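Residue numbers (this note's numbering), protein chains in the order written: chain A, 1 to 424; chain B, 1 to 317.
Quick caveat, the hints were computed from the structure, so don't treat them as lab data. Be careful, since some hints might not be right.
Unchecked claim - Non-contacting residues of chain B with respect to chain A, defined by C-beta distances greater than 12 Å in every case (computed):
no.	residue
1	M1
2	N2
3	R20
4	Q30
5	K64
6	E94
7	S153
8	A210
9	E227
10	D282
As the list claims (entries may be wrong) - Chain B side only, calculated, beta carbon under 10 Å to chain A, not exhaustive:
no.	residue
11	K116
12	K162
13	L190
14	T196
Quick caveat, the model's predicted, so the values are computed rather than measured. C-beta atoms are modelled at their ideal positions from N, C-alpha and C, and glycine is treated no differently.
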Amino acid sequence: MTQALVIRGGTIIDAIGSRTQDIAVVDGVLLAHEDAPSSAQEVDASGCVVSTGLVDLHTHLGEPGDEAAETMTSGGRAAVLGGFTTVLAMPDTLPAVDTAAVVEHVRKLAEAALCHVEVAGCVTVGRTGGHLAPLGELAAVGVRYVSDCDAGIQSPLLLRRALEYARPFGITIAQPANSLELSTDAQMHEGEWSSRLGLPGTPAEAEEIMVMRDVALARLTGAKLHFQTLSTAGSFAIVGAARRSGLPVSAEIASHHLALCDADLAGYDTNKKVVPPLRDMSDKVAGQAAVADQSIDCIVSDHTPQSTDRKERPFDHAEPGSVGLETALAVALTQNIEIKHVLRAMSWRPAELLGLGSPTERAITPGARADLTIIDPQESFTVSTTSLATTGTNSAFQGQELRGRVRATIVDGRLVVDGGQVQA
Amino acid sequence: MNHLLSIDELSEADLREVLRITPTFAEVAQRRIAKVPALRGQTVALLFYEDSTRTRLSFEVAAKRLSADTLNVSVKTSSVNKGESLRDTAETIEAMGIDAVVVRHRSSGVPWQLTKWVDAAVVNAGDGWHQHPTQALLDCFTLQQKLGDLSGSHILMVGDIKHSRVARSNVSALTMLGAEVTLVAPPTLLPPAIHTWPVRTSHDLDKALATADGVYLLRMQSERQNEALIPDLREYTTLYGLTAERAAKLDPTVPIMHPGPMNRGVEIAADVPDLDQVIVVDQVRNGVAVRMAVLFLLLGSGGSDLPPNAAPQAVLV
Numbered sequence: 001m002t003q004a005l006v007i008r009g010g011t012i013i014d015a016i017g018s019r020t021q022d023i024a025v026v027d028g029v030l031l032a033h034e035d036a037p038s039s040a041q042e043v044d045a046s047g048c049v050v051s052t053g054l055v056d057l058h059t060h061l062g063e064p065g066d067e068a069a070e071t072m073t074s075g076g077r078a079a080v081l082g083g084f085t086t087v088l089a090m091p092d093t094l095p096a097v098d099t100a101a102v103v104e105h106v107r108k109l110a111e112a113a114l115c116h117v118e119v120a121g122c123v124t125v126g127r128t129g130g131h132l133a134p135l136g137e138l139a140a141v142g143v144r145y146v147s148d149c150d151a152g153i154q155s156p157l158l159l160r161r162a163l164e165y166a167r168p169f170g171i172t173i174a175q176p177a178n179s180l181e182l183s184t185d186a187q188m189h190e191g192e193w194s195s196r197l198g199l200p201g202t203p204a205e206a207e208e209i210m211v212m213r214d215v216a217l218a219r220l221t222g223a224k225l226h227f228q229t230l231s232t233a234g235s236f237a238i239v240g241a242a243r244r245s246g247l248p249v250s251a252e253i254a255s256h257h258l259a260l261c262d263a264d265l266a267g268y269d270t271n272k273k274v275v276p277p278l279r280d281m282s283d284k285v286a287g288q289a290a291v292a293d294q295s296i297d298c299i300v301s302d303h304t305p306q307s308t309d310r311k312e313r314p315f316d317h318a319e320p321g322s323v324g325l326e327t328a329l330a331v332a333l334t335q336n337i338e339i340k341h342v343l344r345a346m347s348w349r350p351a352e353l354l355g356l357g358s359p360t361e362r363a364i365t366p367g368a369r370a371d372l373t374i375i376d377p378q379e380s381f382t383v384s385t386t387s388l389a390t391t392g393t394n395s396a397f398q399g400q401e402l403r404g405r406v407r408a409t410i411v412d413g414r415l416v417v418d419g420g421q422v423q424a
Numbered sequence: 001m002n003h004l005l006s007i008d009e010l011s012e013a014d015l016r017e018v019l020r021i022t023p024t025f026a027e028v029a030q031r032r033i034a035k036v037p038a039l040r041g042q043t044v045a046l047l048f049y050e051d052s053t054r055t056r057l058s059f060e061v062a063a064k065r066l067s068a069d070t071l072n073v074s075v076k077t078s079s080v081n082k083g084e085s086l087r088d089t090a091e092t093i094e095a096m097g098i099d100a101v102v103v104r105h106r107s108s109g110v111p112w113q114l115t116k117w118v119d120a121a122v123v124n125a126g127d128g129w130h131q132h133p134t135q136a137l138l139d140c141f142t143l144q145q146k147l148g149d150l151s152g153s154h155i156l157m158v159g160d161i162k163h164s165r166v167a168r169s170n171v172s173a174l175t176m177l178g179a180e181v182t183l184v185a186p187p188t189l190l191p192p193a194i195h196t197w198p199v200r201t202s203h204d205l206d207k208a209l210a211t212a213d214g215v216y217l218l219r220m221q222s223e224r225q226n227e228a229l230i231p232d233l234r235e236y237t238t239l240y241g242l243t244a245e246r247a248a249k250l251d252p253t254v255p256i257m258h259p260g261p262m263n264r265g266v267e268i269a270a271d272v273p274d275l276d277q278v279i280v281v282d283q284v285r286n287g288v289a290v291r292m293a294v295l296f297l298l299l300g301s302g303g304s305d306l307p308p309n310a311a312p313q314a315v316l317v
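Okay, chain B solo, but in the shape it has when bound (with noise of 0.2 Å):
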């Protein structure tokens, strides 16, 4: 692989192999130096045209323990106008002698348009609504932990999929490892042509927790009630939040994620993030791992050249 665009983009090979290196990686956050020096000399750009301090933190301590030097390339928002031009910024970038680009922009589309300008791999941080690869494969690597092989095993999404780039790569993502993903939502916040994705619908939440493995909530928007989308976010919490009375009918073995940051008493009751079935802290703490071994796969020495079987422990020491 030369960048990480889309899950999408990924052969179901491609993904269990990120999958099944990235304990190494979690391996080296728990050594008392907790670097190794894996990509010494390269240098990983994050170009964050919109504000996200975890997924920025997450993927620049994943780079540091890999002993690869960060530029951190803010553009407020307020600058990103019409007038600016994607490709005058990407070709600043590459002149630099840039190894990699961690992009996240509110615009879908741009990793792709940036592959066009660049030579450096090309890491998508989020996309507009479009794609989030690497909160897929650490949310299906946190699954896994808890509930084991996937296949077959029950997966809600709930809240807003429309706008959504976290859903957008989860349901392919999971769906490639076997999962069965349940899309609970208002019909006004799911894409347009869902019947194509690989998923069933539900609009009754009670009803589909009752046979669920696992419990994917989504941030829910306040502005969407001003695009009459909804029509109060009370009325979405009673519908589609997971109030205490909903975990409360939960099995306790069920595990509960959220990609952060969480609405407290809107997707989720105030106190229900505090149950042990909620994960949310392993989510945050495997992301780091699973950019360690995404920027190992893109830029260590292996690469794409790495031996389909081959343990990267040879090059962590």
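Just chain A, same shape as in the assembly (with noise of 0.2 Å):
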């Protein structure tokens, strides 16, 4: 029997509504808090959100390949700081997980994160471009995402076959939007700010011409797509018209991308230097619009770990991205977009999508399996990378101070952060 605790004194928030309610975790499972046994752990929860656990569907984890940035255990450190119980390791490892035996392969690594790992799997081997992976054999160990990362599939036939292949398995296809030879050495978002700072842009029609063409592909196929980091305001609207007209896409933004735009980059922080770019404010105001009015599905931390070296090179030559597990949460907070629609895109929406459940299935009812998150909306924090427990440095939100903070993370059952510190 694992330990059993009761929350007391949170508000509940989850696709029910929002109640004042203290709860019982048992054995794994949610029960009444007047079940809790007397021995149960008291979990001070007084002024705090209790949500379901918060789901990322876009993390890089680096093992295997890429120890040096991130490992499962210090990636897994992050995400349940971050207040994440379960997130999707992106493919894009070495080896990257094109079939079933790299799949069990990082599922045994895995066993070393503190949160539930789900394994995406590449769109084609090796993820080249070139050749289908064996998306049955995938599906058959239980892959529900595949992606190539990067630019995403550019042969239009190559992802209409994907598409039409993968659709008896029920596998959603997973791309990121972006025209890679309008995007030649782009180092940013084409516009004001880079015609200023001297740096090669990518517009932000290299997205949606991308956008457009795929949502014309889910149509011709009727298979499901997932857009992967949205990041332009014509892209949100594109999705969000081909929602409403009953296609089978989904789509998800970076939580710097709600945050950051163009011109954050004056100081040629390579931090802040991310693919998709940061884009105009313009387009951040819409995409805090878009998971308001779920034109976007999902707010993703993307995070990407990078080792020191790696960016602490000249603009052009240093590696994207950002870290984002534990800041993810409180940047999508700060930017002030209300709570129930961020829980909607970090939580409910990304395990709906991932075949964990539905938002009333997974609400914080008796029998639920006992993910949660306990988040402290007002609670300010400064990010500071050397105190951050991913292994990666490369923070955009280096130095910022976010507000709301997670107080504690329950995975299946058991207390893994409490007051804000991972419990060993």
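Starting from two chains that each stand alone, build the complex the way the hints lay out.
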């Protein structure tokens, strides 16, 4: 038997609604608080929001292949400190996750993580955009998402085939949207700031024409398509319209796109070099609105740890990406996005897309699986890469004050974070 | 001022101060012993990641005329690979007790990054497509010598604006001094958000030349045709080159400038550089004096303590 907990004084916010109610956790399952054994450990949630565990659809964990940047252990600690009880590990590892054997290997490694790790597969062998990966074999071992990461699949024919072939397996093809040719040498968003800073840019249209194309292919094939890390107002509008017309498309935005824009690159801070790039101020504002109006389903961390040496280079040679697991929730809350929209985008909807249960199935009621996140929405903290649990030192929010802190995280009934600290 | 990174970071007062004290340093070059002790005991590192004979020599002469020691650090382009840490290089230089680092790099932003890792004054000698502030200072100084106060004067910059740090720096400096700037280029060689710049644009060189008080030609690189930015150099010359016919129509008092090296027969017809109104040699000469002024303001005993209207003569004896 795992530890028994009773969570007192918090406000539960889930798909059912908002209510002040205590809840017990026994053997990894939620129980009514009256049913807690007298030995149950008290968890003080006063002033806090009790949510179903956060789920990140876009995490790069480094292991296997890039252990200098992150391991399952360090990435798992970062995840639970950020309130995530489940993360979807991207397949751009070494080796790439393109066979069932690699899936099993990564799952074995992921036992070292404090959170649940779901494993995404590749669309093509070695993520090269050549032959299709064995999607049936991947589906058979439980893979639900496949992505080639980076710029995604450039060939419209290959994407069409992947969508068609994947449909009977119920696998979702996840695609970043970026026309590589229109982004040649791009270091940032093309606009006033790229013109001023003398850096080659990529226009919003390089993303939007791929979103239009991929929506058309989703319509043609009827297959499930998920857009990864969309970043422009035009993309949000196209995807929102496609969803409202009933197409099986979904989309995510990275937390940093809710808070930063191209003007923030004025000091050439390579930790703010991300792909897709930080966009115009108007895109940032549109992204916040798209989360609220559900044109965008999910907010993701796009956690991309890098070792210091890969960032301390000239801007055009620095590797892109920012760590995000420990800041994503606070970034969204700091932008004054209503907490129920944040929780829908960071817990209910990604869990549903990942097949972990509908928002009502996962609601905080007796009998549900005890993956919970307890959030103090008012507590502020200053981001310091030296105090983050991730091995990556590349936070786009280094030195910034954020509001909204994870007080406790419960994974499978186990209190892995308490008082904002990992419980070893 | 602690560093010279960009014209955009200078106030109009800073800019005018550099131009105001430059003649004093130009005068040093006329002396029998063209050397003053202003920066004796100080060391200036010339950190050039990109070949540039004329800019490096200009800074070296400027530093030496002020009695500073110079240290040439040429980093071959081929060794600037992805594995090299900029920080390691910066900290190595810092450990040697350098007072100023003059840096040229093919990547935009490198001088900014260096300021995070070194205490020395950083002078940007050209970063990527971004800035080349001493070039703009010397160009403004040279234009003022010919035209007087630049307020209201109409200056054309012709050519590859998009990839040009010279253009970015000069647009800022010239407009700060009150000049009206027109950029003449095909749309493919203008920066994407050109409407946010305080300039006019034109695709008709003949029309623009008719009202120009000064003409600044930029170097046209042949690789631009490989990127489909222009069809070929012949068409570029026809539309945007200063041909002999265009030069003949120009008032002989209108100065013609170029940052060098010139592609004769491309942006400028072969014989045009020999006209008296082409003042490329003045630009090079003034470059040394402007760079002396910059190094003096950054490192001289006055430095930022220099009273606003003080003449630097006192320390130049």
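Evaluated hints:
1. Interface exclusion of M1 (chain B) from chain A stands, the closest Cβ pair being 17 Å apart, more than 12 Å.
2. At roughly 15 Å, the least C-beta separation between N2 (chain B) and chain A is larger than 12 Å, which holds for a residue marked as non-interface.
3. With a cut of 12 Å on Cβ distances, R20 (chain B) stays outside the contact zone with chain A, its closest approach being about 27 Å.
4. The claim that Q30 (chain B) lies off the interface holds: its Cβ sits roughly 37 Å from the closest Cβ of chain A, which is beyond the 12 Å cut-off.
5. Every Cβ of chain A is farther than 12 Å from the Cβ of K64 (chain B); the closest lies at roughly 29 Å, confirming the non-interface assignment.
6. Here E94 (chain B) stays apart from chain A, with its beta-carbon at least about 14 Å from theirs, past the 12 Å limit.
7. Distance check for S153 (chain B) against chain A: the nearest CB is about 24 Å away, which clears 12 Å, and the non-interface claim stands.
8. At the 12 Å boundary, the C-beta of A210 (chain B) stays outside the reach of chain A, the nearest C-beta of that chain being 28 Å off.
9. The claim that E227 (chain B) lies off the interface is violated: its Cβ sits roughly 9 Å from the closest Cβ of chain A, which falls inside the 12 Å cut-off.
10. At the 12 Å boundary, the C-beta of D282 (chain B) stays outside the reach of chain A, the nearest C-beta of that chain being 27 Å off.
11. The beta carbon of K116 (chain B) comes within 9 Å of a beta carbon in chain A, closer than 10 Å, and the hint placing it at the interface holds.
12. Taken as an interface hint, K162 (chain B) checks out: its beta carbon lies about 8 Å from the nearest beta carbon of chain A, inside 10 Å.
13. Against a cut-off of 10 Å between C-beta atoms, the interface hint on L190 (chain B) holds, since the closest Cβ of chain A lies about 9 Å away.
14. Annotation: T196 (chain B) was flagged as interfacial toward chain A, and the flag holds, the nearest CB pair being 4 Å apart, inside 10 Å.
Checked against the numbered hints listed earlier, the structure breaks hint 9 alone; every other hint is satisfied.
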